[in-house]
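Starting from two chains that each stand alone, build the complex the way the hints lay out.
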Amino acid sequence: MSKRYDIIVAGGGHAGIEAALAAARLGLKTALVTLKINTIGKMSCNPAIGGLAKGHLVREIDALGGEMAKIIDRTGIHFKILNRSKGPAVWSPRAQADRLAYMRDAQRVVLSQKNLEVIEAAVTGLKVKNNRVVGAVINNDQTLPCRALILTCGTFLNGQIYIGLNVIESGRAGELPVKGLTEALVALGFESGRLKTGTPPRIHRDSIDYSKLQEQKPDNPPVPFSFQTESIQRKQLSCWIAHTNPTVHAWLETGLDRSPLYTGLIQGVGPRYCPSIEDKIVRFADRDRHQLFLEPEGFDNPEVYVNGFSTSLPEDVQIQALRSVPGLENAQIIRLGYAIEYDFFPSYQIHHTLETKGVEGLYFAGQINGTSGYEEAAAQGLLAGINAALKLKGEPPLILSRSQAYIGVLIDDLINKTILEPYRMFTSRAEFRLLLRHDNADLRLMDIGHQIGLLPHRAYERMLQKKANIARLQETISRASLEPEVFNPYAAQIHSSPIQQRLPLKQLVRRPEVSLRELLRLAKLPDGFSEEELIHV
Amino acid sequence: MKIWDSEDTIVALSTPLGKGAIAIVRMSGPESLAILNHLFDHQVTSRDERRAITGHLYTPKDRHLIDQVVVIYYRAPRSYTGEDLVEISSHCNPLIIDRIIAAAIELGARLARPGEFTQRAFLNHKLDLSQAEAVASVIEAKTQQSLTHTLRQLEGGLSKRLGEIKQEMIQITSLIEVSLDFNEEEAEIYHPSELLRHTDRVLEAIDSLIGSFAYGKLLHEGIKLLILGKPNVGKSSLLNLLLKRERAIVSEIPGTTRDYIEGQLEIDGIPVQVVDTAGIRQTSDRIEEIGVQRALEQIPSADLVLALFDAHAPLDGDDQRLLDTLEQQRGQRPIVLVLNKIDLGIRPDTERKLTSLELPLVPLSAKTGQNLGELKQAVKHIILSDTAVENEEIVVTNRRHKIALENARRSLQKFREGLARGLDEVVLAAELRSALDYLGEITGETTTADILNHIFEEFCIGK
Numbered sequence: 001m002s003k004r005y006d007i008i009v010a011g012g013g014h015a016g017i018e019a020a021l022a023a024a025r026l027g028l029k030t031a032l033v034t035l036k037i038n039t040i041g042k043m044s045c046n047p048a049i050g051g052l053a054k055g056h057l058v059r060e061i062d063a064l065g066g067e068m069a070k071i072i073d074r075t076g077i078h079f080k081i082l083n084r085s086k087g088p089a090v091w092s093p094r095a096q097a098d099r100l101a102y103m104r105d106a107q108r109v110v111l112s113q114k115n116l117e118v119i120e121a122a123v124t125g126l127k128v129k130n131n132r133v134v135g136a137v138i139n140n141d142q143t144l145p146c147r148a149l150i151l152t153c154g155t156f157l158n159g160q161i162y163i164g165l166n167v168i169e170s171g172r173a174g175e176l177p178v179k180g181l182t183e184a185l186v187a188l189g190f191e192s193g194r195l196k197t198g199t200p201p202r203i204h205r206d207s208i209d210y211s212k213l214q215e216q217k218p219d220n221p222p223v224p225f226s227f228q229t230e231s232i233q234r235k236q237l238s239c240w241i242a243h244t245n246p247t248v249h250a251w252l253e254t255g256l257d258r259s260p261l262y263t264g265l266i267q268g269v270g271p272r273y274c275p276s277i278e279d280k281i282v283r284f285a286d287r288d289r290h291q292l293f294l295e296p297e298g299f300d301n302p303e304v305y306v307n308g309f310s311t312s313l314p315e316d317v318q319i320q321a322l323r324s325v326p327g328l329e330n331a332q333i334i335r336l337g338y339a340i341e342y343d344f345f346p347s348y349q350i351h352h353t354l355e356t357k358g359v360e361g362l363y364f365a366g367q368i369n370g371t372s373g374y375e376e377a378a379a380q381g382l383l384a385g386i387n388a389a390l391k392l393k394g395e396p397p398l399i400l401s402r403s404q405a406y407i408g409v410l411i412d413d414l415i416n417k418t419i420l421e422p423y424r425m426f427t428s429r430a431e432f433r434l435l436l437r438h439d440n441a442d443l444r445l446m447d448i449g450h451q452i453g454l455l456p457h458r459a460y461e462r463m464l465q466k467k468a469n470i471a472r473l474q475e476t477i478s479r480a481s482l483e484p485e486v487f488n489p490y491a492a493q494i495h496s497s498p499i500q501q502r503l504p505l506k507q508l509v510r511r512p513e514v515s516l517r518e519l520l521r522l523a524k525l526p527d528g529f530s531e532e533e534l535i536h537v
Numbered sequence: 001m002k003i004w005d006s007e008d009t010i011v012a013l014s015t016p017l018g019k020g021a022i023a024i025v026r027m028s029g030p031e032s033l034a035i036l037n038h039l040f041d042h043q044v045t046s047r048d049e050r051r052a053i054t055g056h057l058y059t060p061k062d063r064h065l066i067d068q069v070v071v072i073y074y075r076a077p078r079s080y081t082g083e084d085l086v087e088i089s090s091h092c093n094p095l096i097i098d099r100i101i102a103a104a105i106e107l108g109a110r111l112a113r114p115g116e117f118t119q120r121a122f123l124n125h126k127l128d129l130s131q132a133e134a135v136a137s138v139i140e141a142k143t144q145q146s147l148t149h150t151l152r153q154l155e156g157g158l159s160k161r162l163g164e165i166k167q168e169m170i171q172i173t174s175l176i177e178v179s180l181d182f183n184e185e186e187a188e189i190y191h192p193s194e195l196l197r198h199t200d201r202v203l204e205a206i207d208s209l210i211g212s213f214a215y216g217k218l219l220h221e222g223i224k225l226l227i228l229g230k231p232n233v234g235k236s237s238l239l240n241l242l243l244k245r246e247r248a249i250v251s252e253i254p255g256t257t258r259d260y261i262e263g264q265l266e267i268d269g270i271p272v273q274v275v276d277t278a279g280i281r282q283t284s285d286r287i288e289e290i291g292v293q294r295a296l297e298q299i300p301s302a303d304l305v306l307a308l309f310d311a312h313a314p315l316d317g318d319d320q321r322l323l324d325t326l327e328q329q330r331g332q333r334p335i336v337l338v339l340n341k342i343d344l345g346i347r348p349d350t351e352r353k354l355t356s357l358e359l360p361l362v363p364l365s366a367k368t369g370q371n372l373g374e375l376k377q378a379v380k381h382i383i384l385s386d387t388a389v390e391n392e393e394i395v396v397t398n399r400r401h402k403i404a405l406e407n408a409r410r411s412l413q414k415f416r417e418g419l420a421r422g423l424d425e426v427v428l429a430a431e432l433r434s435a436l437d438y439l440g441e442i443t444g445e446t447t448t449a450d451i452l453n454h455i456f457e458e459f460c461i462g463k
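So the protein lines, in turn, are chains V and R. Take the first sequence: its letter number 355 is residue 355 in our numbering, and every next letter is one higher. Take the second sequence: its letter number 213 is residue 213 in our numbering, and every next letter is one higher.
One chain only, chain R, in its complex shape (with noise of 0.2 Å):
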């Protein structure tokens, strides 16, 4: 079966749709020069790879003049999609961006699909399955944090890392197999304590892989963290201050935020998706009702809880309230407890009364910013304590990867557990195979071409 077509050109746009000072449309294929000088004023050869030539592109049947244009192009396979490809900076008009799309099209080439110039680009094998996937993450990261790692990914960090542990795996393999396969006379080709320790090393370094991903999701997907506490306790004051601008509207009268509202920031590279809640609190007005119903419904999508009090007020009956709720929630996520507005003074019953449950609790004064700095580290604090070293050089950061990490490292397990036990090496090397197949869906799949290939490059194989 034929996966894709090399036959195809593509065309598409490769910036942003909307008015700016330039757009780039990208073609790729066999057709793609043929097409470029279909339009344009100049013939562009082989000579001209990789070379920036101003010049006009002109609609194909009745030369009407498109725009004045740069055209780059790249050689095959000297590309990003190691196809022939051209690029074509325009200025950002959506007509002119169509009119040149359109031309392309009249002329055999269709429309890419989502992704396809990096399909094509893994397909020819200018990026392995992770440097693709890399792709989407850089371009979607939305931290600086989460852009180095992706980057790393993308350059190839990842797969190097992969490549390493894959290739101690083929190293282990080769042994067994050497055993099984070129070993007529049966002597001892491996030290089974030997194996079991160079088995060991690679568990653990697919463990760390594995560990980095708590801290590479964090990166990658960020966390969501709810605010809640009754009306007026300072919950959109807590926001704009995290946001650093008026998002919310904040006024004396309790009960003014009725929906949710949602602002993104950062703490310390991670992105942080924070959402302010309508007070809780009884109440008879049916609009704020379905507000604080709405505000309950967030908690299970929560991976942290702010939960807001009155530092110079005794502890009420919505406190209360909130407090139960919480009290449901313990051990499920993380909540801190925020004592606000200790600009007004600190009453010592209710601040007893908080300590005495044994969670988190950071006074603070959203109105004049007071110890903001400490809520953020205790953020920090609470998200990364589960989570791997957070400088750790290559971080996973897609859930397929680690998923794929785990059914490795669970094969390779059983390998060594029966290697340990003195199981029959046909049936280890059944569970190095598994092993290497489930990594194999990151890095590519390990044939028994490769195995074989390490065999007689390492052994001596022929009497």
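Extracted from the complex, chain V is given alone in its bound form (with noise of 0.2 Å):
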């Protein structure tokens, strides 16, 4: 352990990761804090990244030069760009992860990367002085110096687990959590607030009768995260789809005189839009079908996360629930449902560059700011490490406005909006939702992650090619022109009108139902353009 170091980042999830892994890139001196190195880059929750507007943040992490999408790429087991039906506007990349080897693969990164120490303790407080970050105080007796301290503690800051009514101190199922430092905050003029979130049971995979399911298959080939991916090598599995009934929904009411819930043993506020399945019944009554989405968690892990779930009714009920859903009916639980109760500072109290308006050279990423997921974490962390090198470095801060990224609009909404429920990454939060593609993050945020320099040149070269090709296709387009007689077949095929004179192919390939790709042919012009390249024209 060095003696002094200029940025110490506390906690090891996706905020941790990409805030030690930015900082120490930047060439700054870098301590990683964890509770326990090996569960360093754990998917706590379900075994997915990315999703619809999620998928888009981890896009614009990979532009910047974080490390997620690489991750994800490498231990991916089900790509699926969703929303495919839709404009590419709201397309958004999603992949369920093998949870073993993402962790493994996220340690490995962390481990092995220069500039970066990793330290197994707790950061129970920290010191300060005129109102800077001096040192952060580890397992309540030694202090380590620093220069500035990145605080991603996750749901750790006096967390507590609910199953039924039954409450454990923990910071996540089996782990301890952290006391104190709320405290310390507190005592220091921060604002704390309390909120929840909740996970469902993992079953066994085998216990699991798939005829009474629907397949899900992923997307074939698989379509990578990162920019700089050519390809997904591992092998590739299906997630299965399966509804409760009111059978399911009879077991379920029965334990809500048990439920911390509906008994108000939770005081924080959950998420509304991943309420606990006894919330959906309760709520929405009339329907006597929720569908189930059960993910599996890898090859060499058994678990299989049961999304849709999500449940702090007791153990006898949770059960006893599940084994009336058609298909599970023999599930063996590997894991029980919980909520989990934790401190969270409302955001109001961070700058635009994550540090705190209280505390000069303070960072809170992640959930401590009151968001939930990992790509907003990850995005938090990404730029809380980027801002707090940049600072230490004297150079201007890293903010990106709401017309540039979702992470523009992410950090923006935790300052300016009041967060009353976990905050998530939604694309109708985007007033710019049209411009901000997860094709063109790249294109977006290639220039700001070369330049701050932690994206590879070898990525940013490709950028610029990828520019440079959209640029002489919209040349092409716009000189070439088709003649009806070339045109009307292809348009009576696809059933688009025909035209009468000789139009430009920028004018054709405004019709939805049109190819760009089937235009070029037409014209005998040379192809060789990628998708992406197609799809931004």
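These are computed hints drawn from the structure, not numbers from a lab. Cβ atoms here follow ideal geometry from the backbone N, Cα and C, with glycine treated the same way.
A few chain V residues that face chain R, going by a derived Cβ cut-off under 7 Å, partial list only:
| # | residue |
| --- | --- |
| 1 | Leu52 |
| 2 | Leu82 |
| 3 | Ser85 |
| 4 | Lys86 |
| 5 | Gly87 |
| 6 | Ala89 |
| 7 | Val90 |
| 8 | Arg272 |
| 9 | Phe426 |
| 10 | Thr427 |
| 11 | Ser428 |
| 12 | Arg429 |
Negatives, chain V to chain R, calculated, CB over 10 Å:
| # | residue |
| --- | --- |
| 13 | Lys36 |
| 14 | Asn115 |
| 15 | Asn140 |
| 16 | Lys179 |
| 17 | Asp219 |
| 18 | Arg258 |
Now the structure itself:
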């Protein structure tokens, strides 16, 4: 252990990983302090990265030079572009991860990073002099001097797990919470609040009757998250869809009198977009079934995540209800669902750089700011790491605008909107949604990633090449045109209206049913453009 | 940026200036109670909230008696402005009022800017924007009908109707947003044909509000009615008849009205500004010529022209000149031909000639008042012809509201067309947002949070 660090990151979750890697890669002497080295990069909730709007965040993290997209590309077992039937602005990549592989990969990257030391300990307090962070207190006694401290504590601050009326002090299933840090921050004048989130039971994959479930196959070929990944190597798995029924609902109802939610035991506010199954049957009592999404957690991990069945009902009710789901009659529960309540710090207390307004050199990222989700956490971690490093190097901060990136929307919302429930990204939060596509994150942000010095040169060169190709393509189609006799047979094929006179490609491609690649072929023009380049036009 | 300073206490006279029985000076802001207590010979406390207290006001330094007054204290937030507010009713003498206001200013209040009490009520969410705007309209309403509609707006009638429309639009937006943001399995969230019908209903509701504006404008702004005719054809008599008083000097001598004369009247609740002009004729009198010129200049700003002709005389050169002028105006503004002096008889050739012009024609005697009812009926019929039903519950009287509604309608219409053509939902959502933004110019902004709230209430989100 060194005597002195530039930047200390407290927490080894998805925010902590990005923060620590960014800081170290920007040349700062960095320490990642985590309770357990072998839980770095753990996916504590569902085993998936991306999803609607979240996939955009991951692509942006990648364009700035973050790590998340690369880890999931190396460890994903089910890739899918969501919303393909809608406009390209809201297409979003999602991938199921092999949970253990993801964690191991993240640890490998972190442990092999130059300038980055990993310390197994709990940050329990901080030392502040003249409103400036000067050190982190670890394990209640030792002080590690530092110039910046990034807190990425997830759900660990005074975490409490609820299963039925049982309350366990815990930061995550089977792990100890962090006590004392909230109190230290409150003593410094910060205001804290309480939030709640939940997770469903995990069941053994061999105890499922797949014949009663509906299969959901991944995209073939899988589309990677990272602009730097050539192709996905890992073997792919299917997900499965199941449904609840009135019997399941009846069982769940028998447990409501022992629900920590409905008995008022839980005070923290939970996310409305991710309600527990008991919440769904109470609030939408007229619905006789709810969809469940069974996500495999990997090859050498038998756990299956029952997405949609998040619950904090007592054990007996969880088992009875789950086993009433067609296909899960013999399900073996490996881990029970639970609700977790934790401290957060309402995020009007931070600047757009994620530095706190109260204490210089102190940064908050992830669930401590009231967000939920790996991607939201990683995006903040990356920006906190970058900004802490830039500040120590005496360089101007990186603040992304709402029109530039979902990350900009995320951080701006955190600061300017009241957070009443765990904050999750939605495409509807972005007023420039039409411009912020996942496939143009490179064009939008790689200049910045390259300028800061996080993005490898090769990735940057590739983006410049893509930009040049797009410009060439745009020029081509504004010059070339098609005669009616060339276009009309194709138009008839795709039920498009015929043309009367020669029209430029540029005009024809505006028709939603027309394929640009086909137009290029008809005009006998050189193709060789990638899908990403075509879609840009 | 701070929009206004809530630290400020403001003071102003709320009743009209001049001599009268009672004047009310209003004071609003955090210091208003303290300032009052400094001047008043009673100690008013929060227990005295909304009670009328009689006492004496004294100047702050030398304790000179200002007046005997009645004071009412409204405690925040239960006041017009939502702040601590004091109303002082004094005798209405400008000297007294000046001293009360000067004393308040001496103790730290400042003179309120015009409309500032209502501005504060708006900023404190006591009134929404359309209600705040209604305050001025209520004060300025010229007729009973106009007052009824602006009072309805003040009560929140328009806000309520707009709120309903906004809610419908949020519902439509939610369906699109759910489909975009919460639909990983890409199920069908709505039936396009149903959504089209829903949109049509909202468009209809907006249309009916926009349609009510013409009537609202009539009630609010009224119309300008111009009386034209050659000298001595009875224009001033008609003006007096309409106004039921001797406003204009009526004489046998042609050209008595040398400039124009205005008067206000009301036809079925619609304020009408009547302008009587100098008679139009060829003249060598320099002053009279200016009058004629002015009369003609009035034409472009008139909403309705009453052209008077002598019923018992043949049409002469001056009449013909007027008819030529009217011919140029045909189609640009409504014209009613008035065949005046029917008490003296009607010449068939005059009547025939005027009838042949195919313009509304009313025989009248401005002297006896015969057929006045018919004339009013004709005027009313013309001015209401292109407005919506007059007993419409909610009427848009404000031009800004009408423009916002038209913009919202345009965006919603684009959404409708896009939906029908199967356009990208992301683009459709953008149109809906802009429709909501336009509506928000009247009702206040619709935020993403409002839409998400609706989604979470209505849809079972989360797998």
